[in-house]
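> Top line first, the protein sequences correspond to chains A and B. Note that the working numbering has the first sequence beginning at 4, numbered continuously upward. Note that the working numbering has the second sequence beginning at 2, numbered continuously upward.
Keep in mind that the hints were calculated from the coordinates and are not lab data. Nothing here was measured: the structure is a model prediction, and the numbers come from that model. C-beta atoms are modelled at their ideal positions from N, C-alpha and C, and glycine is treated no differently. Be a bit skeptical, because a hint or two may be false.
[Unchecked claim] One side of the interface only, derived from the structure: several residues of chain B facing chain A at Cβ under 8 Å:
1. Arg78
2. Ala82
3. Met162
4. Ala163
5. Gly165
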Amino acid sequence: MIHRRTVLFVLALAACATEASAAELSACVTGPTGRPIPDAAVVVEGATVDPRMPRPLAAIEQIDRDFVPFLTIVRQGTEIEFPNRDPLKHHVYSFSAAKPFEIKLYAGKPAAPVLFDKTGDIAIGCNIHDWMEAYVLVVESPYFAKTGPDGCAKIADLPAGRHRLRLWHPLQRQAVAERPLVLDGADSIRIDATMEVSPRTARRKPPADKDDY
Amino acid sequence: MVFRSIERRIVAVFVGLLALVTSLTLLLVIESNDRVVSGESERRLGAGVRTFDYLVAYSQSQMETAASVLARDFSFREAIATQDRATVLSVLRNHGSRIGAGFMMVVSLDGMVMADTLAPGGKPRPAPFDGLLRAAQATGQSAGFDEMDGRLYQIAIVPIMAPGQIAWVAMGFNVDDSWARSFSAMSGLGIAVLAESDGRTVVPAGSLSAELRDALGERSALPPPDIPILMSLNGQRHHVMARPMSERATAVLLLSLDQAEAVFRDLHRSLAVIALGGAVLFILGSLRLARHIARPVNTLAEAARRIEAGDYHEPVPDSGADEIGQLAASFDRMRQGIAAREQKILRLAYEDGLTGLPNRTWLLDRLGRTGPTPPCAVLILDLDRFGLINDALGHAVGDRLLRLVGDRLVATVAPGIGVCRLWGDEFAVVRDGTDTEAAIALSVTIHAALQEPILLDGQRIDVGGSLGIGFWPQDAADSNTLLQRTELAVREAKRQFRGYALASEIGAGPPHEQLSLIGEMRDALLRQEFEVFYQPKLDLASGRVTGAEALLRWRHPSRGLIPPAQFIPFAEQTGFIREITPWLLDQVVARTAAWRAQGLNLVVSANLSTLDLLHSGLAPLVKRLLASSGLPPGQLCLEITESALMDDPDLALATLNQLAESGVRLSIDDYGAGHASLAYLKSLPVHELKIDQAFIFSLMESGKDAEIVRSTIALGHALGLKVVAEGAETDAELGWLKRAGCDVAQGYGIARPMPGAEVTGWMADQDSAVAR
Ligand SMILES: [Cu+2]
Numbered sequence: 004m005i006h007r008r009t010v011l012f013v014l015a016l017a018a019c020a021t022e023a024s025a026a027e028l029s030a031c032v033t034g035p036t037g038r039p040i041p042d043a044a045v046v047v048e049g050a051t052v053d054p055r056m057p058r059p060l061a062a063i064e065q066i067d068r069d070f071v072p073f074l075t076i077v078r079q080g081t082e083i084e085f086p087n088r089d090p091l092k093h094h095v096y097s098f099s100a101a102k103p104f105e106i107k108l109y110a111g112k113p114a115a116p117v118l119f120d121k122t123g124d125i126a127i128g129c130n131i132h133d134w135m136e137a138y139v140l141v142v143e144s145p146y147f148a149k150t151g152p153d154g155c156a157k158i159a160d161l162p163a164g165r166h167r168l169r170l171w172h173p174l175q176r177q178a179v180a181e182r183p184l185v186l187d188g189a190d191s192i193r194i195d196a197t198m199e200v201s202p203r204t205a206r207r208k209p210p211a212d213k214d215d216y
Numbered sequence: 002m003v004f005r006s007i008e009r010r011i012v013a014v015f016v017g018l019l020a021l022v023t024s025l026t027l028l029l030v031i032e033s034n035d036r037v038v039s040g041e042s043e044r045r046l047g048a049g050v051r052t053f054d055y056l057v058a059y060s061q062s063q064m065e066t067a068a069s070v071l072a073r074d075f076s077f078r079e080a081i082a083t084q085d086r087a088t089v090l091s092v093l094r095n096h097g098s099r100i101g102a103g104f105m106m107v108v109s110l111d112g113m114v115m116a117d118t119l120a121p122g123g124k125p126r127p128a129p130f131d132g133l134l135r136a137a138q139a140t141g142q143s144a145g146f147d148e149m150d151g152r153l154y155q156i157a158i159v160p161i162m163a164p165g166q167i168a169w170v171a172m173g174f175n176v177d178d179s180w181a182r183s184f185s186a187m188s189g190l191g192i193a194v195l196a197e198s199d200g201r202t203v204v205p206a207g208s209l210s211a212e213l214r215d216a217l218g219e220r221s222a223l224p225p226p227d228i229p230i231l232m233s234l235n236g237q238r239h240h241v242m243a244r245p246m247s248e249r250a251t252a253v254l255l256l257s258l259d260q261a262e263a264v265f266r267d268l269h270r271s272l273a274v275i276a277l278g279g280a281v282l283f284i285l286g287s288l289r290l291a292r293h294i295a296r297p298v299n300t301l302a303e304a305a306r307r308i309e310a311g312d313y314h315e316p317v318p319d320s321g322a323d324e325i326g327q328l329a330a331s332f333d334r335m336r337q338g339i340a341a342r343e344q345k346i347l348r349l350a351y352e353d354g355l356t357g358l359p360n361r362t363w364l365l366d367r368l369g370r371t372g373p374t375p376p377c378a379v380l381i382l383d384l385d386r387f388g389l390i391n392d393a394l395g396h397a398v399g400d401r402l403l404r405l406v407g408d409r410l411v412a413t414v415a416p417g418i419g420v421c422r423l424w425g426d427e428f429a430v431v432r433d434g435t436d437t438e439a440a441i442a443l444s445v446t447i448h449a450a451l452q453e454p455i456l457l458d459g460q461r462i463d464v465g466g467s468l469g470i471g472f473w474p475q476d477a478a479d480s481n482t483l484l485q486r487t488e489l490a491v492r493e494a495k496r497q498f499r500g501y502a503l504a505s506e507i508g509a510g511p512p513h514e515q516l517s518l519i520g521e522m523r524d525a526l527l528r529q530e531f532e533v534f535y536q537p538k539l540d541l542a543s544g545r546v547t548g549a550e551a552l553l554r555w556r557h558p559s560r561g562l563i564p565p566a567q568f569i570p571f572a573e574q575t576g577f578i579r580e581i582t583p584w585l586l587d588q589v590v591a592r593t594a595a596w597r598a599q600g601l602n603l604v605v606s607a608n609l610s611t612l613d614l615l616h617s618g619l620a621p622l623v624k625r626l627l628a629s630s631g632l633p634p635g636q637l638c639l640e641i642t643e644s645a646l647m648d649d650p651d652l653a654l655a656t657l658n659q660l661a662e663s664g665v666r667l668s669i670d671d672y673g674a675g676h677a678s679l680a681y682l683k684s685l686p687v688h689e690l691k692i693d694q695a696f697i698f699s700l701m702e703s704g705k706d707a708e709i710v711r712s713t714i715a716l717g718h719a720l721g722l723k724v725v726a727e728g729a730e731t732d733a734e735l736g737w738l739k740r741a742g743c744d745v746a747q748g749y750g751i752a753r754p755m756p757g758a759e760v761t762g763w764m765a766d767q768d769s770a771v772a773r
């Protein structure tokens, strides 16, 4: 439930910024068979951004030997902390070019959050639990959202203007080309998109009671 | 197959049965061994395939495990993520050598080789095992066999996750000879990996010898997968099963059948040795047994052969108390019985029952009837007037007389000289050696000894006799001929009133002339050199000539007139008489019929020989001649000598009966010279009796002979026979005969034999003389 709160929080920020002429984008992503695809990032780029807009601290928790949330979208320069809610230790790392880092075996809350100061996608894993994975998408734009279980994401308070719509998914098989997005006023726009995504069921984690060795 | 020896048969049966049982056993063993071998090899092949599969799976999982461990290594992943190629390579090398991998590689997600232990400094290139890589991309990871740079590897590909996939790690084991050898050591099977390379079959790995490998490589077609088949490689049989490894590589597992059969071959060899040894023992044993059985049997057979050959003296050996011993005992009793009987038969066969002397059979045997015998002289003695004595004084007296004569002969001759009785009043004396002088001296001695009258019941009887001397084997080719010729000599001696005559003198000269005579006789008949002479017969009561005897003459172109005594014996011996007699009868019948036509009715006699009488065609011939000429049968008279009847009395009697039925007159010739009794003659269908001329010659000198002739005439008349006297030469004799009641006379006193053409003239002269 944490990620939904985060989205709402982001949307609330956007609503405060451009109150006068605000458009809302509703994007729904499906697979080739029409199945809704959750955890896809929908990013509107190219809008003029007030540099003072705050970058609130994000968190990727480790709960029951899983990263939560699976996908985290942050603005460039955001810090993310990795609180460990499990009674055991994790070794969080990333070899991704945008942010290689490593938080060696720890329990509870790590000493410091990690600053994501470059744009790009970062795959985060745990060196102890191979199945644990999480993704961070670092973007310039503050206008982003990720699709829910219904495959749809909503971005409110979009300024009018010529923008680019970018779709991304951690398990996408192919990169999806950016597409232009023209907004003029208080329209409510709905966009349907398709993308191919590998299933997330590839690596199952073993049951917890077997994990105490 | 025929075994003539019981021994061989026993051995054959025993050894044959053993051979049958042994070969059946061997066949069974070999057959079941084959089944065991084939089943065992299939089982081993199946186990080998399972081992193979297990080892492949095992090394695959080993590689996968190793690769997975590597793929999770934090530093390794870090090195890859940071493009630290040197570190990546050293990690790969380190890991690879730890597990013994042939190669280790890191392959990027887009299929480019980023690090390769085989080519550390090489440029990035597409991964060579793209099939396996595609499979890994599809399913997350893959493993299998593939070829790379001409070598075959077992390859495993696993992803490197961080945590999303950042690359592939691939590693492979060399599939080479040492791989094959270790598999072979583990499974006990041979293995060869066949791979397609540029359309050729290569053998990248194998545990086999170079030759087998080549032989396998040369086969164009791979064996069908997963089916055990038999394959001959380099002349060795193999059980083979193919196991596909990849699209282009197939593992062939081989089990040498020869090897599998080797164990059984040893067994077969032992069995064969046992069988052979058994056969040898059996042959020896059964030979021993067979000998044990066969030896007494052979001994018996040997004894039987001896008995068969006429040797009854050797006792049959005793062969124990078993069945064969009992057989031998009864065999010996049989031998004794046969010996005794043969003794008796021999005595009967070779002994004359009347005199106890050896008989004619004995003499014939002595003269080589059953084989060559030493030379000897045979003297045949014929008593004078014995028939007349027999008839006049009775059989009993005749028999006693013959016994006394035999006794006297035995007493006369030296010891070692054989005396035997031939038949009737004929005796023979056999002297070894062919000394003519000695033989003649012996004849003179015997002749002299018989001059002494024999005393019988107080009566002095003059016997006397004449002898013929024949030499064996100079005088004849066989014993019968010798006796015949010697008997002829006896007759000749009698005719000439001599004590003896030599057979060699009879029949005109040396043997080669006789032979030529025999040859010429045939031509003589064709050339009509034979002539018939007729000697008139006078009816004493009427004083008229009422008949004539036909006599054969041979007018030889160079030798002149040959008397019958010189060629008739040979004609009889050679059987040529059978051709002469019909000719003679034809002549006689024709002549008699001609005379009849002229009003001269004569009864004409012709002489028949022994052979004629034994010839069944004679009676029909006579009938035919009579019928065609129209001559009444009563005008033909046939004369038979006593001895002619003796050879086969039954057949002779049959012929005589046929002739008698046809109405022809029959006459007994030379009566008194032989031994036939009147009692026998009485049973013959004869009409006439001709008294031998020997009696007539001495009619006037010997009162005894006169008495014999008188009683013979009386007896003849008593039997209803006409009595004819031969050899009447003087008027005194004719007068005596007329007074004695003799019916007919014939002789020089009446007329000599004359050609047929002269008879009518002579008759006319007679008539005119009577008329004067
Ligand atoms: Cu963990």
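> The structure should be examined with respect to each hint, and the outcome stated for every one.
Results for each hint:
1. Below 8 Å, beta-carbon pairs count as interface contacts, and B:Arg78 has one with chain A at about 6 Å; its hint therefore holds.
2. At its closest, the beta carbon of B:Ala82 sits 3 Å from a beta carbon of chain A; the interface hint therefore holds under the 8 Å criterion.
3. About 6 Å separates the beta-carbon of B:Met162 from the nearest beta-carbon of chain A, less than 8 Å, and the hint is met.
4. For B:Ala163, the interface hint holds, since its Cβ comes within 8 Å of a Cβ in chain A; the closest pair sits about 5 Å apart.
5. The criterion of a C-beta within 8 Å of any C-beta in chain A is met by B:Gly165, whose closest approach is roughly 4 Å, and the hint holds.
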